[in-house]
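Dock chain to chain to rebuild the complex, using the hints, since each chain is given by itself in its own frame.
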Amino acid sequence: MTPLNLKPDEQVDSYFDSNLAKRYWFDRVFVSTAFICTLVGLVILALLLFDVCKDGLPRLSIDFLTHYPSRRAGQAGILSPLVGTIWLLVITALVAIPIGVGAGIFLEEFAASSLLAKVIEVNIGNLAAVPSIIYGLLALHVFVRLMNPITGGRSVLSGGLTLALLVLPIIIVATREALRAVPEGIRQAGYAIGTTRWQVVRDQVLPIAFPGILTGTILALSRAIGETAPLITIGALTFIAFLPPLVPLTEGLRSPFTALPIQIYNWVSRPQEAFQIAAAAGIIVLMAVLITMNATAVYLRNWLQRTRN
Amino acid sequence: MSKVGHSERWKPKRSLSRWSERAIKFIFGAFALISIATTLGIILSLVFETIEFFQEVPIGRFLTDTEWTPLFANPKYGIFVLISATFLTSVIALLVAIPVGLMTAIYLSEHASQQTRRYLKPALEVLAGVPTVVYGYFALLFVTPILQIVIPGLEVFNALSAGLIMGIAILPTVASLSEDAIYAVPQSLRQGAYALGATKQETIQNVVLPAALSGIVASVILAIARAVGETMIVTIAAGQNPRLTLDPRLSVQTMTAFIVQVSLGDAPTASLEYKTIFAVGMTLFLITLILNMVSFWFVNRFREKYD
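Residue numbers (this note's numbering), protein chains in the order written: chain A, 35 to 343; chain B, 4 to 310.
Only chain B is shown next, with the shape it has when bound in the complex (with noise of 0.2 Å):
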């Protein structure tokens, strides 16, 4: 009588696992895929209408007009007109978001106890999970009636307004992401200039925020992506009226505001409109895409490690 080995005894079927393995890893590599086939596909519809687009209006004319007019019976296409207006609520933005939040990272990474950053990073939290189009809510219904008391002559859809509401909105992006990068600096830097006489401000200054400096820049330039994107806010708050201004009290149009614009109007496809919306994300799309590879190169470029 032999002893039957372990081996002879427990015989799993490996077959079946290995087989489920293969499949668990051919079905989630395929949706890991997906988040690539986005990319290529926006490239490609905003490629596809966009070359159909121009095949109608001529590049030059799309570069050179200082008009904006495409509902109209006589259609002008200059797109310097919605980037002039693009670029007026952005830089408003900018001015309120980078300035206010950065000292906001600054206060929290560096000044704000462990029980106040508690309750002021959920607060952040919430002013980042707002809605946009309740922030436009506020900046035409709220803002705008008290800003008017102040400024003669503010229409009453403006730039000024959305854009310090914008400014208001992508205020967390800055602050959370800079605060992560100033967080991260290793304690010994400061200690190292509080050891040479630098006081808590000369420490931030000179020592904390050069070293936090590609993670800053970054979380900016996603700021800037973020305001140049933005739609619900200069839609409501900013008007719908095209024109190469930069006044902040006029009304003006951006690029977003106009797809709004044209996609409320149920424009067929294959029309002109729906093309021209196309060519105008695709202008959007590059914008960010440089932006993008600014930010990219800028990271790669200026990164401190410590270890």
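For reference, chain A alone in the conformation it holds in the complex (with noise of 0.2 Å):
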């Protein structure tokens, strides 16, 4: 595909420049270019996490893990933050898996192309770029403020559906396109020995899909336990020094709490030292596990495609 290196004469247009050393040499600093801007963002991540595990390695020690946040920065440690992500975790999961996939297998399954479907369609995409500090605006509204004889008002319930609506949007698309994987043949089939659509989902099409919606709903969880914003707008405490009771549920739920990224943050804004180390320390735990779920969700996902091929 190398162009032709044509003599110039005069009936080449004069703004056809074929100056082909000049035009070369422009195309090969557009490539390195191109390779450096790529490199930027590496290079930064590189230096973010050796500039945290540089400043909290040391720092890290299982008494950092068990020990309540303190006053004093040197006895510090994330049990109430780490006990408190794990709640919302594992609500937020409860509230939006079922919710967002149910809506996935409606809009997919039940209602392609139709109206309501390209409604919620447009409104997902508007929802993906409210800021999430909104979504904490909301929760505090309806969540903490109407619903308060229910959520018990500034509470780890409160946080977990507020995390839950700001990740549905994303379970609901992961899901979409998990179900549109899924070959038509199958269901054909499956209506043709006279099963219902639901039972063909049900028996068919889901655990097909199961995997590519499990990938997508692990990263949205991912995304969920990171964020900061909407949890200190609906009012996560930052120094909690219980952990919310398992027994009764109602009342754990029903509990104040606190977060990794809430009490990181904390740490960050104090202007002593050993606070930020602290904090350092905190990134290291919250990183950890992000990098797990994100593994977990790419490597499923790595297997899926091989065993599909």
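Don't read these hints as lab results, they were simulated from the structure.
Even glycine gets a Cβ: it sits at the ideal position worked out from N, Cα and C.
Be aware that a few hints might be false.
Unchecked claim - In the DSBU-like style, the derived pairs of lysine-lysine whose C-alpha atoms are separated by at most 35 Å in a straight line are:
id : chain 1 : residue 1 : chain 2 : residue 2
1  : A       : Lys152    : B       : Lys124
2  : B       : Lys124    : A       : Lys56
3  : A       : Lys56     : B       : Lys203
4  : B       : Lys124    : A       : Lys88
5  : B       : Lys28     : A       : Lys152
6  : B       : Lys124    : B       : Lys203
7  : A       : Lys152    : B       : Lys308
8  : B       : Lys203    : B       : Lys308
9  : B       : Lys124    : B       : Lys308
As the list claims (entries may be wrong) - Some, not all, of what chain A presents toward chain B, calculated at C-beta under 7 Å:
id : residue
10 : Leu76
11 : Leu123
12 : His175
13 : Arg179
14 : Phe273
15 : Phe276
16 : Gln306
Structural data, given as structure tokens:
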């Protein structure tokens, strides 16, 4: 595909610059620039991880994981934030997965190409651009204020519901994509032997789409546990020296809470260096959880692609 | 002895499956409506509290005051003070994210080998998955001290460092959505350009990018919305100092940072502070709504279809 090296003559439009050496040189500069730009993100990522590990690794210990936050930086741990994050993760998953997957099934299998499906599609596109702090304001008004008798106000349940709303669009989109990838013939075969739509979905389509849905869901949940702003807006506390009780569960759900990103923010915003080191150690724990979740999702996706082919 | 026909022997209970079919459809339909309810809920709760806010603070003062001091004894509510800070940090972020993100997208889809792509794309996904509070830490405690060596007069909290790192945070948004758009341009268009004697760079600039324009613009607009609504990086690294300035060396307070500041103070519901964050949130929501509409219009107007 090498361009022809024509000798310039009067026939050639004067606007056409056939100086190949210069053009090829410019081409190489362009590729190099593009390559360097690609590296920018990766270099910053490496610097970030290095900086956090350098500051935080020496601070990391079993004590750090099993102690409550403290006003003395040297003794501060992340027990209550870590447990709070796990509570949030479980509540978010229990609320967002059934609703998100159900909505995805409805839009793709029961109402595909209906007006409702189109309206919801546009709506989900809009929600993707809404800042997460706005979800926090919605939750402050609805979960904390209006539903106060049920949620207990600024509680871990309110937090979990907020994050569930936030990741719902992601789970719906992932479910729809996974369902769309299932060959139409499988559905037709099901209908041909007299099964209903739901039976086809339940017994044939869902099992095939399951790994794809799972991957999308894990990515959505990992996004949820890194969120800080909406939790601050609904009033997550930064200093909590107790864990929400598991029994009775209603009391646990309605108790005040903190979470890893909240605690990290609190420590970062303090002027003392010892707290900032604790923040770095907290970041390592948070990133370890996130990378584990992401790696699981990527592994599942690759495994899925391999078994399909 | 008459033979029993199939139809008499096999009588499945259709009524049960028909009932469960209807129930499932109803329940899942209700789930699907939750996403619409979310949008309505956002609009209603913002509008409701904002109206209450404007009953106490005239809208004229909200739009024309040049000071933002709602927590002072003599409160002033000049929203443009916060908007100027959001504008400043967002512009800095976009100056990083758009060129770097776009070049990354071009490299990934036009130049990188399959092997390279397989490593680069997950790395970009990790970059996209880093929580913003972590970027805030990095901006405040790593980037700012370095910048302070180079730039005299740079405050500890400053718009520059927050904006730069926010640019890195939204870079994957631009890169991955633009790459999808560029990748979708049919190969035949490129072949045509090569056949006319264009170099690769000329092909990309004159053929591929214009063909992918609507997707690229959509990704850029989403990135603008992300930058405007970004909260933790600017709260941590740009500070809490509301002032009307476009000097990136100074500490400023964005709209989102103000909402965080009030939320941390545990403002009682129905107080004026409480309503103030909804008025600020409403402003933020309207900005992202306008961006959405521009994006929607642009994509519909300029989408190139190749079948």
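Hint by hint, which ones does this structure get wrong, listed from lowest number up? 11, 14, 15 and 16
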